[in-house]
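Q: Those protein sequence lines, which keep their order, are chains H and A.
Take the first sequence: its letter number 431 is residue 1434 in the working numbering, and every next letter is one higher.
Take the second sequence: its letter number 125 is residue 1128 in the working numbering, and every next letter is one higher.
There may be inaccurate statements among the hints.
In this list, chains with the same sequence are indistinguishable; a pair is considered to hold if it fits within one copy or across any two.
[What the hints assert, rightly or not] As a list, the in silico DSBU-like pairs of lysine-lysine whose alpha-carbon atoms are at most 30 Å apart:
no.	residue 1	residue 2
1	LYS1219	LYS1267
2	LYS1024	LYS1258
3	LYS1429	LYS1024
4	LYS1013	LYS1258
5	LYS1277	LYS1295
6	LYS1254	LYS1163
7	LYS1038	LYS1194
None of these hints come from the bench; they were simulated from the model.
Here the structure is a predicted model, which is why all the values come from computation and not from measurement.
Protein chains: 2
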Amino acid sequence: MLKSAYLNEKPEKEELKARLKEQQDILFAIQQKIKEKKLPVAVLVEGWGTAGKGTLIGRVINNIDPRFYKTATFGAPTDLEKRMPFLWRYFSALPEAGKFCFYNTGWMNEVVKGRIDGSMSDALYEQRIASIRRFERQLLDNGYLLLKFFMHISEDEQKKRIDKLKGDVDTKWRISDSDIWQNKHYKECEKIYEQYMEDTDTSSAPWYIIDAKSEKWSELQVLERLNEGIDIALQNHSLAVPLIQNVFPLKKMPKLQDIPLEGKELTEEEYREKLDKLQGRLEELHNRLYRKRVPLIIAYEGWDAAGKGGNIKRVTEALDPRGYEVHPIASPEPHEKARHYLWRFWTRLPKNGHVAIFDRTWYGRVMVERIEGFCSENDWKRAYNEINEFEKELDDWGAVIIKFWVQIDKDTQLERFTERQNTPEKQWKITEEDWRHQVCTVAYPGIGR
Amino acid sequence: MLKSAYLNEKPEKEELKARLKEQQDILFAIQQKIKEKKLPVAVLVEGWGTAGKGTLIGRVINNIDPRFYKTATFGAPTDLEKRMPFLWRYFSALPEAGKFCFYNTGWMNEVVKGRIDGSMSDALYEQRIASIRRFERQLLDNGYLLLKFFMHISEDEQKKRIDKLKGDVDTKWRISDSDIWQNKHYKECEKIYEQYMEDTDTSSAPWYIIDAKSEKWSELQVLERLNEGIDIALQNHSLAVPLIQNVFPLKKMPKLQDIPLEGKELTEEEYREKLDKLQGRLEELHNRLYRKRVPLIIAYEGWDAAGKGGNIKRVTEALDPRGYEVHPIASPEPHEKARHYLWRFWTRLPKNGHVAIFDRTWYGRVMVERIEGFCSENDWKRAYNEINEFEKELDDWGAVIIKFWVQIDKDTQLERFTERQNTPEKQWKITEEDWRHQVCTVAYPGIGR
């Protein structure tokens, strides 16, 4: 299959040269448009050992202004990476709007390695494939261009290259044991590569198999696809993305207005007693969490002045300070705004055994961003599913996820606002926006779908 | 896998009743919107034998005005259907805009049957999966809502139902041999079902596995998904669909203006001689085509007055009249316009061993429909890929496809127009539109991409 999938016949030398020049010029010219239209471009380069992935990336970026690209090389996961969700390091490396990121191998390589060395079960493989499909679709839906190249050489060609590199003291180091192993088990590896590509070959992010026999020819194939892809992505740029059905099972949630808030108050004494007991229990659990390497994510949402801060404080009092982080989520910074809206949450995840507490969360997409018009209607509608997919990723990883909505009624909120306004040391806590939202009681209709 | 994929827990009787009533009312109310917005809805109902597919469809359509739906039941392909491309009967049954079609089993069943009885090779299975993915994506991209339900019952439940139906003279006929066989080989079949659903479970057309233990509960699950799907499709209604990269290998075509038209004329004598010889050869080939059951599709495009009609006549002179059909393609009729733009070509395909000649073709989408603004820019841009996918389907089927562009220059066209205008018996051949296109020399820039 890998062979027959070639898309192009290698042209004669002169034609190759001419077409290469043409494509290089196109790429050079189009980078301005990429910047203008704020298109983020992720290029995944996978392939056989010694196929020339690094060289290819080197040639391609030669045509791009160095301020507009970065490269990210992924080897076996580091100790830290092993403690994070599978997609974490790839999501974290996403390019900003208007820039390129070239992945020198990535999520394909990680999965395929696990298949080849037998460490990845069928069930885990399927989970990974599902994750990858969601990940790639989310990128596209959120305006990324994703191009996936597989650099292909034959068994003989690989053997020839290995022998040649081995024969020279200066190049010997470039051959890894795994390259040699791969060549000896070429057929097995080929089957696994093929299966992976079949499983992740979607219409909007297809695989391009590159005949990697020569450097120039590789570059031409990649440039032609890259330029075509950029052209199409620029055409798609202002289009809204169709919504899809949310396939996640959802629990019916009560409406906020139906939640009884009266008659639930504790006496100070009762409160102290319960708090002590529960904090003790939490401390103990935090220890076990750490030993068992379970990641814990606590998400706080709720009305302004509902008391999220105080609540978080009571939780953290019980935790070992070396094992948790609190992330107050305000408006995104420019570098955050230039990426997938979930990027700033992906990059703030705890490592396993640790706790991350979010004071406001990714649900901002369907609340404040919706209300304030920071994203389009299509964006926030689509986000319900995307958020479920994000949480599914965390759940697959083994995280415990707890989401709190802290509820107060309108009168209580007004009372607290007024108190804040009138107490000099609390005035920083209250803003124009808070007052605006006070009026807007339909602010949070969509929670839990 | 089938079991764990349940999306919902069966509610208690009272809640089930209430939710069912609610969903029935929603469907009843929403059908007006479907009509208004001209949304076509295709519902595929697959599942185990005796799972109650027919009953389910019966219950669902009870909530819809009979003018707005049809049902299509598919058994083993008939002799005619066997002579047509795989997707032909499913494509032909597509609902019009504003209406429902319920497929009582469909393309899944056909593929899965081939896997179960061992008649379908791995390679053919993969080809079918690829066809189905393209088919389903094209439906969605062209504004269809597609919902796919799998009615699931356990091995024991199926056995119980079979025994019960068999025990009664009045219901005995409802049990087929294949139901009994299926129950005996439940595990094998389950694996094949699962694999198929995994292979075709896409974000925009996911599989819904319906717990088919009870009729009302089945109906509720289907109605909830159906209503949700309709709601989302109505929201998507006015959105343009992002373009995707064309993954088909394409040959470079010369520009029309670069085609030399001079110095190619034959003398009358040469012409007669060559024509005779070639017509004789064609006659012979038509015979072999018929015996080998190869379908032949001849597509004519070209400038008005280029002489397509005469050309076609010279071809058909050589053909056995029982073995070909000529399809003049004019503006689509209302019932054609209400469907996928390729529908009128799908339904005009020849059976194998026969010839279909199209006088103007599906390329109208990227020519006249583009020029006259009959479809949006997004529609015709997307069509390049869709047309390639259509032709790939025909190629997979084994068809020979020949596409002619009949070229004349502007002066020759003007000459012929004038002649037509001045010859009473030819005046029908010339219209306002022809004159308009005469001016428009950029009319056909996109051919061959």
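Q: All hints, please: hold or fail.
A: To see whether the hints hold, each was checked on the structure:
{"no.": "1", "hint": "LYS1219 x LYS1267", "in the structure": "neither (73 Å within a copy, 40 Å between copies)"}
{"no.": "2", "hint": "LYS1024 x LYS1258", "in the structure": "between (62 Å within a copy, 21 Å between copies)"}
{"no.": "3", "hint": "LYS1429 x LYS1024", "in the structure": "neither (64 Å within a copy, 52 Å between copies)"}
{"no.": "4", "hint": "LYS1013 x LYS1258", "in the structure": "between (63 Å within a copy, 22 Å between copies)"}
{"no.": "5", "hint": "LYS1277 x LYS1295", "in the structure": "within (27 Å within a copy, 85 Å between copies)"}
{"no.": "6", "hint": "LYS1254 x LYS1163", "in the structure": "neither (59 Å within a copy, 32 Å between copies)"}
{"no.": "7", "hint": "LYS1038 x LYS1194", "in the structure": "neither (39 Å within a copy, 49 Å between copies)"}
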